[in-house]
Amino acid sequence: MESRSIILEKIKQNQPSLVAELPSLDALGLESFDVVEKYKTVLQSIGGDFIDVNDYSDIIDYVKNKYSLDKRIITTIPELAEFGVTNWLNDTPHSLKDVELSIVRAHFGVAENSALWVTDAVLGQRVTPFIAQYLGIVLSKKDIVATMHQGYQLIGAAEYGFGTFIAGPSKTADIEQSLVLGAHGARGLVVFLID
Amino acid sequence: MHLKKNIQHSEAAAIFNKDIPRVNWHDETLWFVREKRDKAAFQIPDWELLRETASQIKNNVLANIHDYLVQFESNAKANGIKIHWAANAEEHNQIVHSIIAKQGVTRMVKSKSMLTEECHLNEYLSEKGIEVIDSDLGERIVQLRKEPPSHIVLPAIHLKKEDVSETFHEHLGTEAGNNDPQYLTEAARLHLRDTFLTRKVALTGVNFAVAETGEFVVCTNEGNADMGAHLADVHIACMGFEKMIPQRKHLGVFLRLLARSATGQPITTFSSHFKKPIEGKEIHIVIVDNGRSTQLGREDFRNSLKCIRCGACMNTCPVYRRSGGHSYHNAVAGPIGSILAPNLDMSKNADLPFASTLCGSCTNVCPVKIDIHDQLYKWRQVLVKEGHSPIGKTIAMNGMAAVLSKPMVFNLVGKMGRLVMQKMPTLVNNSLNPWYTQREMPAPPQESFREWYKKNGKEFKTQENGK
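For the protein sequence lines, the chains are A and B, in the order given.
Residue 142 in our numbering sits at position 147 of the first sequence, and the numbers go up by one each step.
If you want our numbering, it's the 1-based position in the second sequence plus 126.
Simulated from the structure, these hints should not be mistaken for lab results.
Yeah, the Cβ is synthetic: ideal placement off N, Cα and C, and Gly gets one too.
One should not assume that every hint holds.
Said to hold, decoys possible - In silico lysine-lysine, DSSO-like type, Cα no more than 30 Å apart, as pairs: (1) K66(A) with K326(B); (2) K326(B) with K7(A); (3) K474(B) with K144(B).
What the hints assert, rightly or not - Here are the simulated distance ranges between beta carbons: (4) A204(B) with T36(A): 29 to 35 Å; (5) E4(A) with E161(B): 42 to 48 Å; (6) R319(B) with E4(A): 20 to 26 Å; (7) A153(A) with L175(B): 25 to 31 Å; (8) K326(B) with S63(A): 32 to 38 Å; (9) T36(A) with K254(B): 49 to 55 Å; (10) L25(A) with K272(B): 17 to 23 Å; (11) D190(A) with K326(B): 43 to 49 Å; (12) T36(A) with N304(B): 33 to 39 Å.
What the hints assert, rightly or not - If you want the ones that stay clear, here's a sample from chain B, every Cβ over 12 Å from chain A, calculated: (13) P147; (14) A457; (15) D471; (16) L545; (17) N555; (18) Q572.
Please put together the full structure from these sequences, using the hints given.
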């Protein structure tokens, strides 16, 4: 407790007395472009994939074709419940270590950087999008905004315990700047763009 | 008095420069990252407005940081997060150790945190019998090699894939001579996955802490911070107090700038917002001063606390690129490190503000508009006034002042110099003369401009008048 008051007292003494108003953010992020097209281009440029789908049955077909169904697939989306078990929500997060594919819904996506906003409400468990070998995220095309500024307007004062923007698969370039997809999180990300 | 003297930046740089192809490679690799930053920045019509906005937000933070910290603490506590305050590195290390000890464990996984480098946390915990594994790939590589990171964003940028291959062969049992980055990364993935699954305590850094909501944001590309934090029972997040931002919506500004400035990516893969622990788990935040409140009181240098640790100033710096991060003997290298380090220890880091050409490129790329090169220049003046300049330089400067203030002496010395360089060039063209390193001395002129003007000046004047 003592350090707290010492630090805060010293800060109070030393912080500049000048008035520095917070700037307005209103003039930022106003450029206009086709958000869906931009979203797709940026996602591909950072190593993610997308697929246009009409409904959940298209997603089911895609998953059946592309992933081996004998491996563990988990989802928090009721429409995709046929893939698997929904009884994992209360297990330890460690029990998800053998998950091949996690499929969750995103609250919204951001065109300028292809980031997807997900929170506790859609993740089931916080580790869900990180621990799986592959990640599928369902995004409604009408939920794509242009820039991060509109993104935070949507978030507003929303209540969550944990939320994260996910942009593409996990990656590293720590060895001689060579890009490698699949560092510690998902090796691949496919975004299901639904009308 | 510091018994352990650092190798001066210029000496360390000279050693780094011995391997010319490698220095050239280092230089080009970092310039490549700088070019990626430019490409990303130029795609954003708002870029300059974004920088200006970020700068203004940070100015507001510095002027109100006391209140923001109190607000942050109160909101974070209401969210169920435990807050600790550390006046210095030692207290920070003690706090972290006490949290780990309370769990009764001896192992911890850690994601990137330059603050813990600054505090030498790993060494401290190791002495207490706690094993720390760094989970960022670059940090893991340098940790296995018992080296510090050489760059705040790209910790292993000084290494080639052959070096990494050797290290992994020795420690992780990868095939000797397999230099494929994909293969090496996969080996680290498997090794660290086991670590994530078995550690009860995870430590992360903090990129931004939001006063309005009490949440904090951690950015990674690898997902290592999240793997560690979500699989552990206890998440410790360590932050310097300057990480504060006022409101959640301001994250939009900083997240647009951070990754573009750092690596040219539009955003990091993961930008994770931690607000509340889940039931049965704990989140602790350690708020650290360690000299920052002193820096806040230095009018000329307080702007350095606006830094968001993107590393753009390093990638663009001609001195950093050709001297390597380790030559700065400080947790944060490069231009920003050189204005932060003297605040921590003036005598130990007196060489760093001189490790710059003052070209100003750092200032031009800084996403929060820190006047880095001006501060480097101002630190030089402070350091000399406080008696931290090397004896050799002080003597030379006093000699210079004596010569330049007396025209007679100046003329005489000039003549002598020209004579010496003409008749006995080896007296200056030798290894004792630092100007001779890596370059030839210029041919001495026959006469000084003054001498030439005395002879020819009248002639010209007459000609001019005759017209």
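Against the structure, the hints:
As the CA atoms of K66(A) and K326(B) are separated by approximately 28 Å, the hinted pair is consistent with the 30 Å bound. Distance check on the hinted pair: K326(B) and K7(A) sit about 37 Å apart at the alpha-carbon level, beyond 30 Å; violated. Between K474(B) and K144(B) the alpha-carbon distance is near 25 Å, which keeps this suggested pair within the 30 Å criterion. Under the hint 29 to 35 Å, the C-beta atoms of A204(B) and T36(A), about 42 Å apart, miss the expected range.
The supplied range of 42 to 48 Å is met by E4(A) and E161(B), whose beta-carbon atoms lie about 46 Å from each other. As the Cβ distance of R319(B) to E4(A) is approximately 45 Å, the hint placing it in 20 to 26 Å is violated. At roughly 27 Å, the beta-carbon separation of A153(A) and L175(B) lies within the given 25 to 31 Å, and the hint holds. A beta carbon spacing of about 33 Å between K326(B) and S63(A) agrees with the range 32 to 38 Å that was offered as a hint.
The hinted range of 49 to 55 Å is satisfied by T36(A) and K254(B), whose Cβ atoms lie roughly 51 Å apart. At roughly 50 Å, the beta carbons of L25(A) and K272(B) sit outside the given window of 17 to 23 Å. At roughly 45 Å, the beta-carbon separation of D190(A) and K326(B) lies within the given 43 to 49 Å, and the hint holds. In this structure the supplied range 33 to 39 Å holds for T36(A) paired with N304(B), their Cβ-Cβ distance being about 35 Å.
Here P147(B) stays apart from chain A, with its beta-carbon at least about 14 Å from theirs, past the 12 Å limit. With a cut of 12 Å on Cβ distances, A457(B) stays outside the contact zone with chain A, its closest approach being about 18 Å. The claim that D471(B) is not at the interface with chain A holds, since no C-beta of that chain comes within 12 Å of its own (minimum 18 Å). Distance to chain A confirms L545(B) as a non-interface residue, since its nearest Cβ pair spans about 52 Å, more than 12 Å.
No beta-carbon of chain A is positioned within 12 Å of the beta-carbon of N555(B); the least distance is around 39 Å. Every C-beta of chain A lies more than 12 Å from that of Q572(B), the closest at about 51 Å, which supports listing it as non-interface.
Violated hints, in rising order: 2, 4, 6 and 10; the structure is consistent with all others.
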